[in-house]
Amino acid sequence: MENTHITNSSTGTSAIELSGIRKTFTLSEDKNAQQVLALDGIDLSINQGEFLTIIGPSGCGKTTLLRIMASLILPDEGRVIVEGEAVSEPDIKRAMVFQTFGLFPWKTVLDNVVFPLIVRKYPAQQTREIAIQHIKQVGLEKFQNAYPHQLSGGMQQRVGLARALSTGADILLMDEPFGAIDAQTRELMQEELMRICQEEQKTVVFITHDLNEAVMLADRVLLMSRGPGQVREIISVNLPRPRTEYDVRAHQEFVRVRGHLWRELRNDLIEQRTEEMV
Amino acid sequence: MNLLATFKSRRVYLPILSLLVVLGGWELVGRSINPLLFAPPSSIIAMFGELIASGELLAAAKITMQALFLGYILAVIAGIPMGVLMGAWPRFGDILQPYLYAIFSTPRVVVVPLIIVWFGIGFEARLFLVFFWTAIAISVNTAQGVRNARPDLLEVARSFKVGRYQMARHVLIPGAVPFVISGLRIGAERAIVGVIIGEMFLQIVGLGGIITTASSQLLPAKMLCAVAVIAVLGTIIVTTLDMLEARFQVWRNDSN
Numbered sequence: 001m002e003n004t005h006i007t008n009s010s011t012g013t014s015a016i017e018l019s020g021i022r023k024t025f026t027l028s029e030d031k032n033a034q035q036v037l038a039l040d041g042i043d044l045s046i047n048q049g050e051f052l053t054i055i056g057p058s059g060c061g062k063t064t065l066l067r068i069m070a071s072l073i074l075p076d077e078g079r080v081i082v083e084g085e086a087v088s089e090p091d092i093k094r095a096m097v098f099q100t101f102g103l104f105p106w107k108t109v110l111d112n113v114v115f116p117l118i119v120r121k122y123p124a125q126q127t128r129e130i131a132i133q134h135i136k137q138v139g140l141e142k143f144q145n146a147y148p149h150q151l152s153g154g155m156q157q158r159v160g161l162a163r164a165l166s167t168g169a170d171i172l173l174m175d176e177p178f179g180a181i182d183a184q185t186r187e188l189m190q191e192e193l194m195r196i197c198q199e200e201q202k203t204v205v206f207i208t209h210d211l212n213e214a215v216m217l218a219d220r221v222l223l224m225s226r227g228p229g230q231v232r233e234i235i236s237v238n239l240p241r242p243r244t245e246y247d248v249r250a251h252q253e254f255v256r257v258r259g260h261l262w263r264e265l266r267n268d269l270i271e272q273r274t275e276e277m278v
Numbered sequence: 001m002n003l004l005a006t007f008k009s010r011r012v013y014l015p016i017l018s019l020l021v022v023l024g025g026w027e028l029v030g031r032s033i034n035p036l037l038f039a040p041p042s043s044i045i046a047m048f049g050e051l052i053a054s055g056e057l058l059a060a061a062k063i064t065m066q067a068l069f070l071g072y073i074l075a076v077i078a079g080i081p082m083g084v085l086m087g088a089w090p091r092f093g094d095i096l097q098p099y100l101y102a103i104f105s106t107p108r109v110v111v112v113p114l115i116i117v118w119f120g121i122g123f124e125a126r127l128f129l130v131f132f133w134t135a136i137a138i139s140v141n142t143a144q145g146v147r148n149a150r151p152d153l154l155e156v157a158r159s160f161k162v163g164r165y166q167m168a169r170h171v172l173i174p175g176a177v178p179f180v181i182s183g184l185r186i187g188a189e190r191a192i193v194g195v196i197i198g199e200m201f202l203q204i205v206g207l208g209g210i211i212t213t214a215s216s217q218l219l220p221a222k223m224l225c226a227v228a229v230i231a232v233l234g235t236i237i238v239t240t241l242d243m244l245e246a247r248f249q250v251w252r253n254d255s256n
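One line per chain: the protein sequences are A and B, in this order. Take 1 as the starting number for the first sequence in this note's numbering and just add one per residue. Take 1 as the starting number for the second sequence in this note's numbering and just add one per residue.
No wet-lab data here; the hints were simulated from the structure. Small disclaimer: the values here were computed from a predicted structure and weren't measured. No residue lacks a Cβ here, since even glycine has one placed at the ideal position from N, Cα and C. Wrong hints could be hidden among the right ones.
[As the list claims (entries may be wrong)] Chain B is nowhere near these chain A residues, computed Cβ spacing over 10 Å in every case:
| no. | residue |
| --- | --- |
| 1 | 13 |
| 2 | 14 |
| 3 | 19 |
| 4 | 72 |
| 5 | 76 |
| 6 | 84 |
| 7 | 107 |
| 8 | 167 |
| 9 | 182 |
| 10 | 226 |
| 11 | 265 |
[Stated by the list, open to error] Residues on chain A that point at chain B, a partial pick, calculated with CB under 8 Å:
| no. | residue |
| --- | --- |
| 12 | 70 |
| 13 | 91 |
| 14 | 98 |
| 15 | 104 |
| 16 | 116 |
| 17 | 143 |
| 18 | 197 |
Generate the whole structure from the sequences, applying the supplied hints.
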């Protein structure tokens, strides 16, 4: 029974591998405008079936990094390798879940979840069945025909999750998915996400600015620093799963990791502040 | 009892009262003025009966509606896809924009001579007067709606790797619906004005033709009958658009 937490070292290829990722942004359209280095020299390997959370001060490039993993933007330098293949465009192996849900307000819950499948031109009956199955999985079967504005934020994000799951992607890329959801609903959704990801063996990259959430969900937490965005530290969370069956927050491993991350984050914030004051 | 309660509501009795006062005043003033210059409601109603009985009004309305509705429908068919192209492909829109804006803001009366040269004075000319300006109104508004597509939803669609056609069908066009409908409204106004200009300044036919001939024959009652029918046509179009809007926007906040 010792160490029931998942170690994902068994599989050969990584789900996502980043090497030497560098990204600069220009502040305005003017070619001579100031360049801002958003990400510099990111190397990272994410195991299959791993739950990786990314945390860091605002402006550290977390979202940019995630969008690079999704191939929504391309890095200036470096490579993104997904399940062994270099990628430069979105594909069916990866699905995004967005902070602002990104639901089409003119589509019902069912049509929103079906959307990524219609695009792939599966037969209509099959796409409907797949969609309904995932709507059930997130507990919204009674709301199939509702429009997004009729749902609470938590329910809307369940739709967002069902949509990502319906693609059948092995990798979920989640950009602060629960950031806009009230605290109690968030805890419920964290539990559900852990359950679903464990059942379906998903690889998850999950951005958050909530330390508790980062530690609670993760196999590993990636701490980023800013100016430019770099990997400051990657720390393993050796908490047994399923984590819904005991009080994770009272576990000494949780307290240890959370305490360590907070000290690091705090130092980073204080350094930043003194730099700004000088 | 219920009827009385309805009548007591300010929103009902005020407009009715206002109508009675205005029509009464109009009748009084109209009777005291030379009938060659002005007509009271009573003589307009009498004239209306006469025009219906002789079939003149219906025949004219039919001519007007043919050019109006055919031109409008063609404008919708051409204007919406054009607008989608202009919006989805901004460079194309930018190239066309100066011409469309210039044409759109030119009073149509000044191009009447050109239209006569191109299309003659008959049905085709009226159809063009309706179609062209209405199509511009619809396409410019549709393009604006497409350009205003929510960037977050475009990114969602991109993350699922949708193609151009799917992007237009599932993201751009539904998102542009409120703009398309306001284009349809502006277009309806343009269409009615267009058909009447054609009937008053080209071949003298239809409801516009009745206005022109009646005013030269000093028959103000007949003129006002045609005006009333035109107003009714306009109201029908606007009401239809309202219904269309309600139908297409079930997904909008129904809480308010």
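Hint-by-hint comparison with the structure:
no.	hint	in the structure
1	13	22 Å, holds
2	14	21 Å, holds
3	19	23 Å, holds
4	72	6 Å, violated
5	76	20 Å, holds
6	84	19 Å, holds
7	107	8 Å, violated
8	167	7 Å, violated
9	182	19 Å, holds
10	226	23 Å, holds
11	265	28 Å, holds
12	70	6 Å, holds
13	91	7 Å, holds
14	98	6 Å, holds
15	104	6 Å, holds
16	116	4 Å, holds
17	143	14 Å, violated
18	197	19 Å, violated
Hint compliance for this structure: hints 4, 7, 8, 17 and 18 are broken, all remaining hints hold.
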